[in-house]
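Asker: Assemble chain B onto chain A, guided by the hints.
Read top to bottom, the protein sequences are chains A and B. Residues in the first sequence are numbered from 1 upward in steps of one, following my numbering. Residues in the second sequence are numbered from 1 upward in steps of one, following my numbering.
It should be emphasised that the hints constitute simulated quantities derived from the structure, not laboratory data. On a predicted model such as this, the values are computed, not experimentally measured, just so you know. A portion of the hints provided could be inaccurate.
Unchecked claim - Derived EDC-like pairs (lysine to aspartate or glutamate); straight-line CA-CA distance at most 20 Å:
{"id": "1", "chain 1": "B", "residue 1": "LYS229", "chain 2": "A", "residue 2": "GLU311"}
{"id": "2", "chain 1": "B", "residue 1": "LYS277", "chain 2": "B", "residue 2": "ASP238"}
{"id": "3", "chain 1": "A", "residue 1": "LYS229", "chain 2": "B", "residue 2": "GLU11"}
There are 2 protein chains.
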Amino acid sequence: MATSGEFVLIEKIRELLGPPSSRVAIGVGDDAAVVSLSRNKCLATVDMMVEGVHFDLSYTLPEELGHKAIAINFSDVAAMAGQPRYALVSLGLPSSVDDSFVEAFYTGMRRLAVRFGTDIVGGNLTRAPSLVIDVTLLGEPAGSLCLRGGAKPGDLLAVTGPLGASAAGLACLRRWGRAAMNEYQELVVSHLMPFPRVTEAQVLNSTGLVTAMIDISDGLSSELHHLAKASGVGIRIDEASIPVTPATRKAGSVLGDDPMAWALGGGEDYELLFAFKPSRSISLPVPITVIGEVMGPSMGVVFRREDGREEPLPARGWDHFASRGE
Amino acid sequence: MATSGEFVLIEKIRELLGPPSSRVAIGVGDDAAVVSLSRNKCLATVDMMVEGVHFDLSYTLPEELGHKAIAINFSDVAAMAGQPRYALVSLGLPSSVDDSFVEAFYTGMRRLAVRFGTDIVGGNLTRAPSLVIDVTLLGEPAGSLCLRGGAKPGDLLAVTGPLGASAAGLACLRRWGRAAMNEYQELVVSHLMPFPRVTEAQVLNSTGLVTAMIDISDGLSSELHHLAKASGVGIRIDEASIPVTPATRKAGSVLGDDPMAWALGGGEDYELLFAFKPSRSISLPVPITVIGEVMGPSMGVVFRREDGREEPLPARGWDHFASRGE
Chain A
1 MATSGEFVLI
11 EKIRELLGPP
21 SSRVAIGVGD
31 DAAVVSLSRN
41 KCLATVDMMV
51 EGVHFDLSYT
61 LPEELGHKAI
71 AINFSDVAAM
81 AGQPRYALVS
91 LGLPSSVDDS
101 FVEAFYTGMR
111 RLAVRFGTDI
121 VGGNLTRAPS
131 LVIDVTLLGE
141 PAGSLCLRGG
151 AKPGDLLAVT
161 GPLGASAAGL
171 ACLRRWGRAA
181 MNEYQELVVS
191 HLMPFPRVTE
201 AQVLNSTGLV
211 TAMIDISDGL
221 SSELHHLAKA
231 SGVGIRIDEA
241 SIPVTPATRK
251 AGSVLGDDPM
261 AWALGGGEDY
271 ELLFAFKPSR
281 SISLPVPITV
291 IGEVMGPSMG
301 VVFRREDGRE
311 EPLPARGWDH
321 FASRGE
Chain B
1 MATSGEFVLI
11 EKIRELLGPP
21 SSRVAIGVGD
31 DAAVVSLSRN
41 KCLATVDMMV
51 EGVHFDLSYT
61 LPEELGHKAI
71 AINFSDVAAM
81 AGQPRYALVS
91 LGLPSSVDDS
101 FVEAFYTGMR
111 RLAVRFGTDI
121 VGGNLTRAPS
131 LVIDVTLLGE
141 PAGSLCLRGG
151 AKPGDLLAVT
161 GPLGASAAGL
171 ACLRRWGRAA
181 MNEYQELVVS
191 HLMPFPRVTE
201 AQVLNSTGLV
211 TAMIDISDGL
221 SSELHHLAKA
231 SGVGIRIDEA
241 SIPVTPATRK
251 AGSVLGDDPM
261 AWALGGGEDY
271 ELLFAFKPSR
281 SISLPVPITV
291 IGEVMGPSMG
301 VVFRREDGRE
311 EPLPARGWDH
321 FASRGE
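The following block holds chain A by itself, in its conformation from the complex (with noise of 0.2 Å):
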């Protein structure tokens, strides 16, 4: 039930939403929304967060949070290959946290879903006993919807950008709180603000070679197996292929920490890991880093190291490789 001062805080969200677009015919504060969308296909997807779990406020500015918490559905759809269009925000709020929290949360939120054509049309406020979010993205197929499933023996796999950053961030943060911008900011920003691959995943999907894709939430060891068990086939990736920045490397170094497996599963990367067909004139038109190549299905997924050694890879590689103690 809403109490007097949700429907305060609910007038102060909808001033702060600003008008939305045409598409929307009811929006934030009625019994529910009304939206278009352009065909009659509708892509749905929901990420819960909770606090102690998911996010730490002791680090996480509230904007970050409000990034993040769309970000990761933007990174479901960006997985299809689909455009979001319309967002929906639970909030259950503890009593620690106030008005300008949420409105701090919602700009943080708003200014992604902008840059993405998503209007924020409708959602839920009521009181908890630690913060939980919860975003409802709804888009539309842009082109084809690319599914986890087509990947064929033959295919490369790529992934379009660095691996293990996000947990790299993690780990600075966990260390040293705040003050890790200081040094690692590309790191932190990695891991609280995550930039989900909406452009690149359309862009990709549009050259017609990409034969299946996901987006890397749990892990890369995770998704290969993800993708590997849709599509019916088995997958090798190569260490020395896999992309760690240096500045991944060197949180690892000094924090005694293994970057590789970061990497393989420390999750929340939000790229997108795709298998496509290989081309004579292969150029695809946004940066990515091939990892590996798709193959029978009796091969599993496997992990061939620096040394040449191949090794099944699990699909929680994060324990695996981090017990190893390197």
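Answerer: For chain B alone, kept in the frame of chain A given last:
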């Protein structure tokens, strides 16, 4: 990040849900769901329920919780005379909640979803310090949409069922726990398993007589104010005509509570409140109770007591009337 235990649970849920309807191109388990709408208009609503704020597991069965979590969203779509179609379910699960709880929750939710032709197409499982449920419901117009803003002076105001039963049921549960079922089953069921007026809303709207509609979630007095504000009208309701069941009166008498306070401000009735043009042959095709009439805007929202006295009805009727302490 999903744990492997969560993957097992997702598989169980997928099995329990069974194959989706042919309108669902991609359902539970992918990056995003892909669904079809019959036209290019989409209704979207979301409602968050938090343990300790909206429900108490000491007297709520998981099936009931599943029912209610989706019922309150059905009620929002019903308020517009829409047709529910697709649900996404986010769950934040504390360690005290096991897989069998989640399966029973989904069983209760699915039962109501099937009844209203709705597919559960996706969602999110995560850990959380206490149980959090956030259900997003997508729907489409069933004919024209019925909004809050069309009421005109001279219209009559009606509701689709008794009011205050849910609040009475909650009071009984708080006093007697689950044992309240013995003597007050009707009230307890009203509270734990409200039945959304999806069909009634469509039938009422199809008469062409209904000018404004809203569902009663926050309590009659609040909804009267919402409707009056959106329509730019005043409202007068009659105490004598407000439908309160004998069971609610009995619970009020036994517990020393005012049944009229429950009816005006208790909330969670999930009945429809609507304005309609009085017509010569006034036989609406579903049972309704006329509770008042729409007036000019200068009237405000007025409550006519049984003795004929008129007084302004504040939006938060509960507090006001409860504080009379009689």
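Asker: Within a Cα-Cα threshold of 20 Å, do A:LYS229 and B:GLU11 meet the stated pairing?
Answerer: 14 Å, holds
Asker: Quick one, are B:LYS229 and A:GLU311 close enough, alpha carbons at most 20 Å?
Answerer: Given pair B:LYS229, A:GLU311 is violated - Cα atoms ~67 Å apart, limit 20 Å.
Asker: What's the verdict on B:LYS277 and B:ASP238, does the C-alpha distance respect the 20 Å limit or exceed it?
Answerer: At roughly 18 Å apart (the allowed maximum being 20 Å), B:ASP238 and B:LYS277 satisfy the hint.
Hint 1 from the earlier list is the only one contradicted by this structure; the remaining hints agree with it.
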